[in-house]
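Student: Each chain, written out:
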Amino acid sequence: MKICVLVKEVPDAAVEKRIDPATGRMDRSGEKNLNPYDTHAIEAAMQIREGGTPVEEIVAVTMGPESAERTLHKAVSLGADRSVHICDDALAGSDVAATGYALAQVLRGESPDLVLLGQQSDDGECYTIGAVVAEHLRMPSLTQVIKMDVESDALRCERQAEYGYDTVAVKLPAVISVGDAINEPRYPSLKAIMGAKKKPLQRLSAAEAGIDLAKVGGESSGAHWIAVMPPPQKPPGEIIEDEDTNETVEKILAWLEQRKLI
Amino acid sequence: MSNILVYALHYEGQINKNSLGAVSEGARLAAELGGEAHALLVGDQAGEELAGPLGAYGAKKALIASGPEGLAQPVVDAMAKAITDGGYKYALFGGGLLGFEIGAGLAARLGAGVVMEVTGVRVQEGKLIAQRPILGDSAISEIEFRSPVGIVIGRLNAFEAKESGAGAAAVQRIDYELSAHAQQATMVKRGEQRGADVDIEGADIIVAGGRGLGKPEGFQLCEDLAAAFGGNAAVAATRAVVDAGWYPYAAQIGQTGKTVSPKLYLAAGISGAIQHKVGMQSSENIIAINKDSNAPIFEFCDLGIVGDLNKIVPKLTEAVKARRGA
Ligand SMILES: Cc1cc2nc3c(=O)[nH]c(=O)nc-3n(C[C@H](O)[C@H](O)[C@H](O)COP(=O)(O)OP(=O)(O)OC[C@H]3O[C@@H](n4cnc5c(N)ncnc54)[C@H](O)[C@@H]3O)c2cc1C
Ligand SMILES: Nc1ncnc2c1ncn2[C@@H]1O[C@H](COP(=O)(O)O)[C@@H](O)[C@H]1O
Chain A
5 MKICVLVKEV
15 PDAAVEKRID
25 PATGRMDRSG
35 EKNLNPYDTH
45 AIEAAMQIRE
55 GGTPVEEIVA
65 VTMGPESAER
75 TLHKAVSLGA
85 DRSVHICDDA
95 LAGSDVAATG
105 YALAQVLRGE
115 SPDLVLLGQQ
125 SDDGECYTIG
135 AVVAEHLRMP
145 SLTQVIKMDV
155 ESDALRCERQ
165 AEYGYDTVAV
175 KLPAVISVGD
185 AINEPRYPSL
195 KAIMGAKKKP
205 LQRLSAAEAG
215 IDLAKVGGES
225 SGAHWIAVMP
235 PPQKPPGEII
245 EDEDTNETVE
255 KILAWLEQRK
265 LI
Chain B
5 MSNILVYALH
15 YEGQINKNSL
25 GAVSEGARLA
35 AELGGEAHAL
45 LVGDQAGEEL
55 AGPLGAYGAK
65 KALIASGPEG
75 LAQPVVDAMA
85 KAITDGGYKY
95 ALFGGGLLGF
105 EIGAGLAARL
115 GAGVVMEVTG
125 VRVQEGKLIA
135 QRPILGDSAI
145 SEIEFRSPVG
155 IVIGRLNAFE
165 AKESGAGAAA
175 VQRIDYELSA
185 HAQQATMVKR
195 GEQRGADVDI
205 EGADIIVAGG
215 RGLGKPEGFQ
225 LCEDLAAAFG
235 GNAAVAATRA
245 VVDAGWYPYA
255 AQIGQTGKTV
265 SPKLYLAAGI
275 SGAIQHKVGM
285 QSSENIIAIN
295 KDSNAPIFEF
305 CDLGIVGDLN
315 KIVPKLTEAV
325 KARRGA
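Listed in order, the protein sequences are those of chains A and B.
Quick note, in my numbering, the first sequence goes up one by one and the last residue is 266.
Quick note, in my numbering, the second sequence goes up one by one and the last residue is 330.
Note that these hints are calculated values from the structure, not bench results.
The reader is advised that the hints may include incorrect statements.
[Unchecked claim] Derived pair list, reagent style DSSO-like, types lysine-lysine, alpha-carbon separation capped at 30 Å:
{"#": "1", "chain 1": "B", "residue 1": "K315", "chain 2": "B", "residue 2": "K219"}
{"#": "2", "chain 1": "A", "residue 1": "K151", "chain 2": "B", "residue 2": "K262"}
{"#": "3", "chain 1": "A", "residue 1": "K219", "chain 2": "B", "residue 2": "K93"}
{"#": "4", "chain 1": "B", "residue 1": "K262", "chain 2": "B", "residue 2": "K219"}
{"#": "5", "chain 1": "B", "residue 1": "K315", "chain 2": "A", "residue 2": "K255"}
{"#": "6", "chain 1": "B", "residue 1": "K193", "chain 2": "A", "residue 2": "K175"}
{"#": "7", "chain 1": "B", "residue 1": "K325", "chain 2": "A", "residue 2": "K6"}
{"#": "8", "chain 1": "B", "residue 1": "K325", "chain 2": "A", "residue 2": "K255"}
{"#": "9", "chain 1": "B", "residue 1": "K267", "chain 2": "A", "residue 2": "K264"}
{"#": "10", "chain 1": "B", "residue 1": "K219", "chain 2": "B", "residue 2": "K166"}
{"#": "11", "chain 1": "B", "residue 1": "K219", "chain 2": "B", "residue 2": "K85"}
{"#": "12", "chain 1": "A", "residue 1": "K264", "chain 2": "B", "residue 2": "K315"}
{"#": "13", "chain 1": "A", "residue 1": "K255", "chain 2": "B", "residue 2": "K319"}
{"#": "14", "chain 1": "B", "residue 1": "K262", "chain 2": "B", "residue 2": "K166"}
{"#": "15", "chain 1": "A", "residue 1": "K175", "chain 2": "B", "residue 2": "K325"}
{"#": "16", "chain 1": "A", "residue 1": "K151", "chain 2": "B", "residue 2": "K21"}
{"#": "17", "chain 1": "B", "residue 1": "K21", "chain 2": "A", "residue 2": "K255"}
{"#": "18", "chain 1": "A", "residue 1": "K255", "chain 2": "B", "residue 2": "K219"}
{"#": "19", "chain 1": "A", "residue 1": "K238", "chain 2": "B", "residue 2": "K21"}
{"#": "20", "chain 1": "A", "residue 1": "K151", "chain 2": "B", "residue 2": "K219"}
{"#": "21", "chain 1": "B", "residue 1": "K193", "chain 2": "A", "residue 2": "K151"}
{"#": "22", "chain 1": "B", "residue 1": "K93", "chain 2": "A", "residue 2": "K264"}
{"#": "23", "chain 1": "B", "residue 1": "K131", "chain 2": "A", "residue 2": "K219"}
{"#": "24", "chain 1": "B", "residue 1": "K262", "chain 2": "A", "residue 2": "K264"}
{"#": "25", "chain 1": "A", "residue 1": "K6", "chain 2": "A", "residue 2": "K201"}
{"#": "26", "chain 1": "B", "residue 1": "K325", "chain 2": "B", "residue 2": "K295"}
{"#": "27", "chain 1": "A", "residue 1": "K238", "chain 2": "B", "residue 2": "K262"}
{"#": "28", "chain 1": "B", "residue 1": "K21", "chain 2": "A", "residue 2": "K36"}
{"#": "29", "chain 1": "B", "residue 1": "K295", "chain 2": "B", "residue 2": "K319"}
{"#": "30", "chain 1": "B", "residue 1": "K219", "chain 2": "A", "residue 2": "K238"}
Produce the complete structure using the sequences and hints provided.
Tutor: Put into structure tokens, the structure is as follows:
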């Protein structure tokens, strides 16, 4: 089996995310990291391999600016065998549909048996790249999968949907986004971190990846940002730092009594 | 004329509440655009008696396509066919998991722009503009469509179901071809309820626990506090801990769980992710106990306690008991 894992570079959780008011795009300066949700996808690939299913290759794939190379090193340190980086200014500002199309073009060249993704990107939060990629590749797909068993040429997947837990059998090749409850990602060993830069990393321009430039980038995207505004103002809540817990509890009780909640 | 096609999810003979909201919203927008809202149902269980009443929510027509239920890709096939044949300008979805998957697949199929987590839609110069909160709801972006078809996926509970009093929708069966890849996934078991069947929807006071409880036994703290409040108090949970098997699915609040609006919602060890927030934000009073002062829940609670729940909750339980006993 060959597995491709889609990974993304996102602003570090500790960095305040903000929008560039001029372009409506995310301000991508500041510390960046591998999207934490994607570490679950890499771990899921590793567990398939370690679970006895022969996995010839795990390939990490990203689309992003130059700095995203570090994210690929991280993905490799967590278990990927090599990585592919689509890096091209022409891709900047692509919406979900365009991003999914571009990633699908690269994946087509790799022809994996299984494509794994994270449940969401920490910055974009679209939850949908998997469904877009699958449609372009004409593969079956599920998102938010929290249990996945390989059964010869198919996967048995479980996930929570609107009405409870669903179990779905999915034939390979397939595109699966994994939920964060699927596993506990490992920490990379020091050796793996040191060795990551030596593993093959292929950098492709959009043209080299077979991406039609008319279908990507901000101007070609079907969903177009026109404005950004503050959310409706809600008066801020009262915040208590717990120092003396007895005192804190008295304050909570007074608050409850004032509102006749007790 | 701009018509809107709304996906109507149904299960066990009932239309999903969020789909009813989406139909109502679609009808409102279509009227402004000078067009009609139509609903589409997929499934072998979908018939006239389910589809017709959508007229009361504003759907002029209800299309029914047979096919497997609970999976997104067959619906993409049916909706793509309906949109191509019917010349719809927009597709609209209520909140939920399937809506996200179908909307995204449809965007890829039709080369359409898609916006998700939409909390509001307005009409400007004969076109829809979608409003989507971003960056943990700290800003709202406005999005227009430059594609022939625009796809709007609502946030859970964003659109209110409103009966407009109109009569039944004209029901029409449609044919479409199930694509090869849509046949590669099959439902083995749907809607499994994991854990006990607890009732939280009628509760006046809800004590909710999340991953911050540390271990399944941590829920005892929530149960003790709920018991101390007495009367109509219940315990609820986040998806993180339900998926981990710490607490029953029936007690889950949020996008793929229940929506509640009790008099008091006390969240212990819950970060306040959007998918949780959508299920409890209309609670009358929200108290949050979290040790991380940057937790998103502090952005929308009424009283926030920054501290360790293991220290605070037991003492709070004792104090509530004492006060009520007195
Ligand atoms: C499509 C989709 C659907 C989803 N549906 C739902 C849904 O229906 N319901 C839902 O809840 N989620 C849902 N989620 C998941 C959601 O995004 C979050 O992952 C989840 O709500 C997080 O749960 P949590 O707050 O328990 O855990 P975490 O986010 O891990 O938060 C735990 C919190 O506990 C705090 N904490 C830790 N220790 C202590 C301590 N000793 N004292 C005090 N505080 C402490 C931490 O600071 C942290 O803020 C969905 C996600 C997706 C993508
Ligand atoms: N630019 C990208 N490059 C590679 N993978 C991506 C990219 N954007 C999103 N993904 C993948 O898609 C998942 C869902 O992202 P999103 O739909 O943005 O929430 C992420 O967890 C990643 O696995």
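Student: For each hint, tell me whether it holds in the structure or not.
Tutor: Hints versus structure:
1. This hinted pair checks out: K315 of chain B and K219 of chain B have alpha carbons roughly 15 Å apart, not beyond 30 Å.
2. The straight-line distance between the Cα atoms of K151 of chain A and K262 of chain B is roughly 22 Å, inside the 30 Å bound, and the hint therefore holds.
3. The straight-line distance between the Cα atoms of K219 of chain A and K93 of chain B is roughly 20 Å, inside the 30 Å bound, and the hint therefore holds.
4. For the suggested pair K262 of chain B and K219 of chain B, the alpha carbons sit about 22 Å apart, so the restraint of at most 30 Å is met.
5. Distance restraint check for K315 of chain B and K255 of chain A: the Cα-Cα separation of roughly 15 Å lies within the 30 Å cut-off, and the hinted pair is therefore satisfied.
6. For the suggested pair K193 of chain B and K175 of chain A, the alpha carbons sit about 16 Å apart, so the restraint of at most 30 Å is met.
7. Between K325 of chain B and K6 of chain A the alpha-carbon distance is near 59 Å, which puts this suggested pair outside the 30 Å criterion.
8. Proximity of K325 of chain B to K255 of chain A is assessed by CA-CA distance (about 15 Å); at most 30 Å being required, the pair is judged to hold.
9. This hinted pair checks out: K267 of chain B and K264 of chain A have alpha carbons roughly 10 Å apart, not beyond 30 Å.
10. The hinted pair formed by K219 of chain B and K166 of chain B fails the criterion: a straight-line CA distance of about 42 Å is larger than 30 Å.
11. Among the hinted pairs, K219 of chain B with K85 of chain B is inconsistent with the structure: their alpha-carbon atoms are about 49 Å apart, more than 30 Å.
12. Taking the CA atoms of K264 of chain A and K315 of chain B, the gap is near 25 Å; set against the 30 Å cutoff, the hint holds.
13. Distance hint between K255 of chain A and K319 of chain B is fulfilled; the C-alpha atoms sit about 12 Å from each other, no more than 30 Å.
14. Distance restraint check for K262 of chain B and K166 of chain B: the Cα-Cα separation of roughly 20 Å lies within the 30 Å cut-off, and the hinted pair is therefore satisfied.
15. At roughly 56 Å between alpha-carbon atoms, K175 of chain A and K325 of chain B are farther apart than 30 Å, so this suggested pair is violated.
16. With a C-alpha separation of about 28 Å, the suggested pairing of K151 of chain A with K21 of chain B holds against the 30 Å cut-off.
17. With a C-alpha separation of about 39 Å, the suggested pairing of K21 of chain B with K255 of chain A is violated against the 30 Å cut-off.
18. For the hint linking K255 of chain A to K219 of chain B, the alpha-carbon distance of about 28 Å falls within 30 Å, and the restraint holds.
19. This hinted pair checks out: K238 of chain A and K21 of chain B have alpha carbons roughly 26 Å apart, not beyond 30 Å.
20. Between K151 of chain A and K219 of chain B, the direct Cα distance comes to roughly 20 Å. Compliance with the 30 Å bound is thereby established for this hinted pair.
21. About 14 Å separates the Cα atoms of K193 of chain B and K151 of chain A, which keeps this hinted pair within 30 Å; it holds.
22. A C-alpha spacing of about 50 Å is found between K93 of chain B and K264 of chain A, which places the hinted pair above 30 Å, so the restraint is violated.
23. This hinted pair checks out: K131 of chain B and K219 of chain A have alpha carbons roughly 22 Å apart, not beyond 30 Å.
24. About 26 Å separates the Cα atoms of K262 of chain B and K264 of chain A, which keeps this hinted pair within 30 Å; it holds.
25. Using a Cα cut-off of 30 Å, the hinted pair K6 of chain A and K201 of chain A holds, with the two alpha carbons roughly 21 Å apart.
26. Pair hint K325 of chain B plus K295 of chain B holds up; C-alpha atoms about 24 Å apart against a cutoff of 30 Å.
27. Under the criterion of a C-alpha separation no larger than 30 Å, the hint pairing K238 of chain A with K262 of chain B is consistent with the structure, at around 24 Å.
28. A hinted pair counts as satisfied when its Cα atoms are at most 30 Å apart, and K21 of chain B with K36 of chain A does not qualify at roughly 39 Å.
29. For the suggested pair K295 of chain B and K319 of chain B, the alpha carbons sit about 16 Å apart, so the restraint of at most 30 Å is met.
30. The suggested pairing of K219 of chain B with K238 of chain A is violated, with an alpha-carbon distance near 34 Å, which exceeds 30 Å.
Violated hints, in rising order: 7, 10, 11, 15, 17, 22, 28 and 30; the structure is consistent with all others.
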